[in-house]
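Chemist: From just these sequences and the hints, can you work out the full model?
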Amino acid sequence: MLNVNHVTKRFGGLTAVDEVSFGLEMGRILGLVGPNGSGKTTLFNCISGLFPPSSGRIVFQEKDITGLKPHRICRLGIGRTFQLVKPFHSLSVKENVILGLAFGHRDRPAGLRAQAMEILEFVGLSGKAENKAGGLILAERKKLEIARALATGPSLLLLDEVASGLTESESEGIIALLKEINERGLSLLIVEHVMAVIMSLSHRVVVLSDGRKIADGPPDEVANDQNVIDVYLGEPPTTQVEAGEPS
Amino acid sequence: MKKSLLIGLVIMALGLVVPSVTDSEYYLHLFVLAAMFGVLAVYWNLLDGYLGLIHFGYAAFFALGAYTSALVTTRLGWPLLPAFAAGGVVAAVIGGLIIIPCLRMGSYATAIVTLAFAEIMRITATSWTALTKGEMGLWGIPPIFEGAGRTPYVYLITAILAAAVVVLSLIVRSYTGLAYVAIKDDETAAATTGIPVKRIKLTGTMVSCGVAGVVGAFYAHYILTITPALFGIAYTIQIMAMSLFGGKGTLLGPLLGAAVLLLMGEGFRFMENYRLIMYGLVIIATVMLFPEGLIGVVKRGGRLVSRRSGS
Amino acid sequence: MQYLVNGLIIGAVYAVIGVGFTLIFGIMQILNFAYGELFMIAAYLAYFGVTVFMLPLWLILILAMAVMFLIGFGIEKAVILPVRMKIPDWVVPVILVTLALQIILQNLALILEGGNFLGIPAYIMGSLRVGNFSVSYERLLMFGICVATLAGIWLLLRKTKLGLALQAVSQNRDAAILSGINTNTVYALCFGLSGLLISIPGVLMMPHLYAYPTVGQVPIMKAFAVTLFGGMGNVAGAIIGGFILGVAETLAAGYISALVKDGVAFAVMILILVFYPAGVGTLLTRRKLG
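From first to last, the protein sequence lines are chains L, F and D. Letter by letter, the first sequence follows residues 619 to 865 in the working numbering. Letter by letter, the second sequence follows residues 83 to 393 in the working numbering. Letter by letter, the third sequence follows residues 13 to 302 in the working numbering.
Hints listed in this document are in silico derivations from the structure and should not be mistaken for laboratory results. No incorrect hints appear here.
Residues from chain F that face chain L, not an exhaustive set, calculated with beta carbons under 8 Å:
(1) Tyr257
(2) Leu260
(3) Asp267
(4) Ala271
The model shown is predicted, which means the values in this text are computed figures rather than measured ones. Cβ atoms here follow ideal geometry from the backbone N, Cα and C, with glycine treated the same way.
Modeler: Now the structure itself:
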């Protein structure tokens with residue numbers, strides 16, 4: 619359903635993403651890993667339209683979405699969350715979700731408020747519906763971002779480091795939530811530092827290093843790939859839950 | 083919905099009562115000015131307080147409306163109603179055109195582009211004497227109400243103010259209004275949530291400039307002479323000060339700011355040249371002591387009173 | 013040729029005006045609307061220096077620079093600092109305060125000096141003639157002092173500790189604080205420096221202008237234009253922008269008419285903004301702040 623073809627993104631002289639290609643099938647979970655600065659978030663920004671790729675094509679459900687405006691891409695069915703969470707802090711939790719419902723679809727659906735409550739119920743935030751989003755704790759803000767993305771009615775979710783900065787039990791909660799979302803038929807593309815999350819969720823893993831793709835395959839195969847091991851300084855990628863990185 | 087209408091009704095009632103309380107031409111004139119600046123401050127605030135666009139050329143759209151309406155009535159003999167509409171449309175369209183390049187840039191570039199635009203308009207109005215009669219200004223503009231004193235103007239501007247406030251309050255409470263807040267909180271997240279950020283900023287700006295144009299048309303047919311000075315930064319500064327002084331990002335703050343600053347300006351009149359210095363000092367003092375503006379003080383006061391009476 | 017020379021001379025003045033303005037923007041992200049009023053104060057200082065105290069030009073210039081530095085520094089400490097301390101999101105409130113300062117300073121001048129247009133004769137008489145074009149010695153001196161000032165500010169930003177601190181704060185306020193730079197001092201010095209810079213054209217332009225309460229409207233418009241041209245907060249861009257604006261204006265006034273002078277400058281600015289929103293200066297300099 620999503621095809622990334624030879625996508626390159628340059629900033630001045632710096633090539634952040636270099637000729638990266640991969641595909642993601644309907645209903646699958648693809649993990650995107652790599653050291654800091656390897657171009658994962660940049661790739662996300664290219665897919666979600668925040669900045670257009672310098673070259674290459676991005677095709678989503680047989681439609682070329684390369685260089686479309688972010689709100690168009692969102693309405694075509696790609697939702698996303700941010701590594702540094704960006705809920706609309708001066709709005710209430712419910713209003714955040716309502717915005718996704720009101721603007722994320724080509725035609726504004728009816729019964730927004732009821733639908734918003736259903737989504738909040740699903741992610742486990744219905745008790746905080748009337749609270750200001752700015753007052754939530756990190757784990758709740760991450761859930762709210764997922765809820766807001768879900769509200770736009772996506773068939774593909776891009777999740778940028780949803781588990782970073784969370785305690786072990788919090789990130790288990792998020793993993794369970796993501797599994798449930800996937801079981802409902804949504805495809806997921808996840809960027810994650812916490813390897814346990816990638817390993818336990820992904821059907822396939824793509825590894826980036828310095829903007830280039832260096833491995834692509836099932837998680838256990840990739841974890842033992844020599845290139846990947848070299849990139850992670852001679853050690854296989856850690857499988858334990860790390861504390862989140864601030865970057 | 084109900085609250086919006088209630089605010090509108092209160093404003094209307096005020097407008098109806100004022101002429102029966104005083105028949106002083108001077109006080110009625112002050113009321114008309116306060117209401118006029120009230121609309122401008124409220125709609126400048128739509129740009130700065132809601133859309134995060136710092137607009138330093140706002141008075142130019144007021145002036146554009148004034149000139150458009152004055153020209154189509156005196157030169158082409160248009161009736162007043164379409165002339166008012168023309169004033170609004172011209173201001174809205176040009177306001178939109180000017181803001182388009184700004185949307186690609188930061189808010190400070192917006193400030194400078196809009197300022198430069200206003201200045202170009204002022205110079206154009208000064209030097210295109212064939213059309214605008216230059217520094218002399220346009221006169222002989224047909225009045226709205228022939229020889230009827232100021233009272234009908236009070237009613238008309240009150241109606242415009244009430245309508246403007248109700249419309250803005252409906253916009254702010256709509257999904258578009260929610261999107262305004264979202265864009266101010268985080269533009270990137272807003273875009274990826276499906277909000278067409280640029281289009282919303284553009285339409286918001288057009289509404290704001292269009293309203294300024296209509297008020298400008300009213301001004302032209304009320305004062306009956308207009309000069310290129312209307313385009314100048316001085317008026318924009320006055321509108322900004324009213325809006326920020328009253329409390330930005332709120333609906334009624336700028337209205338309060340317009341009324342208080344205008345009355346204060348008049349109240350200090352006995353101080354002659356010191357008047358504007360006092361004006362400046364009051365603004366600085368407000369910024370330092372009440373950063374949320376006057377409306378913040380009123381709200382805090384209100385809460386204090388309700389707590390007292392509750393306990 | 014005559015136009016070009018005149019343009020370059022006025023361009024040097026615009027460059028100094030622009031640098032003083034863009035410096036504050038680059039470092040504090042604010043537009044200082046009271047900037048023109050600092051020019052006005054310097055113009056009055058020059059007027060009294062010449063007419064009342066009968067001082068020589070060099071002494072007037074040095075005194076004006078010192079006084080204006082203190083005034084700039086004092087304004088930051090007395091009114092901007094308290095606002096910054098009180099309001100976390102202080103950019104717009106500070107702009108409002110500079111607007112209020114503008115009103116206050118203009119009206120103070122009106123009360124103290126009245127609305128008269130006070131003029132002084134040329135500082136130096138005579139002019140240099142080469143072939144069929146001529147430049148007055150005074151303009152040559154003005155050009156020399158402005159170029160020297162620009163060179164001085166360039167060295168200051170590049171080579172001194174203060175310059176490094178200014179650059180650090182402009183690039184990343186939080187990181188600068190963490191590395192032990194006192195931002196409050198930097199901001200106050202920056203305002204002082206800005207006052208010092210504007211005092212130079214304020215004194216030197218006096219024989220060509222008058223001192224009156226709203227004389228500041230002229231330089232602040234130029235400052236806006238130059239800043240826009242050079243890229244906001246870009247010192248090198250402002251220098252280039254100042255020269256280009258000076259030449260463009262002189263040419264427009266010479267070949268078209270004096271009235272369109274300001275209009276042409278602003279129209280060119282808007283076109284530039286549409287096509288190179290970062291400012292033409294960035295195309296030429298590719299560096300931020302010096």
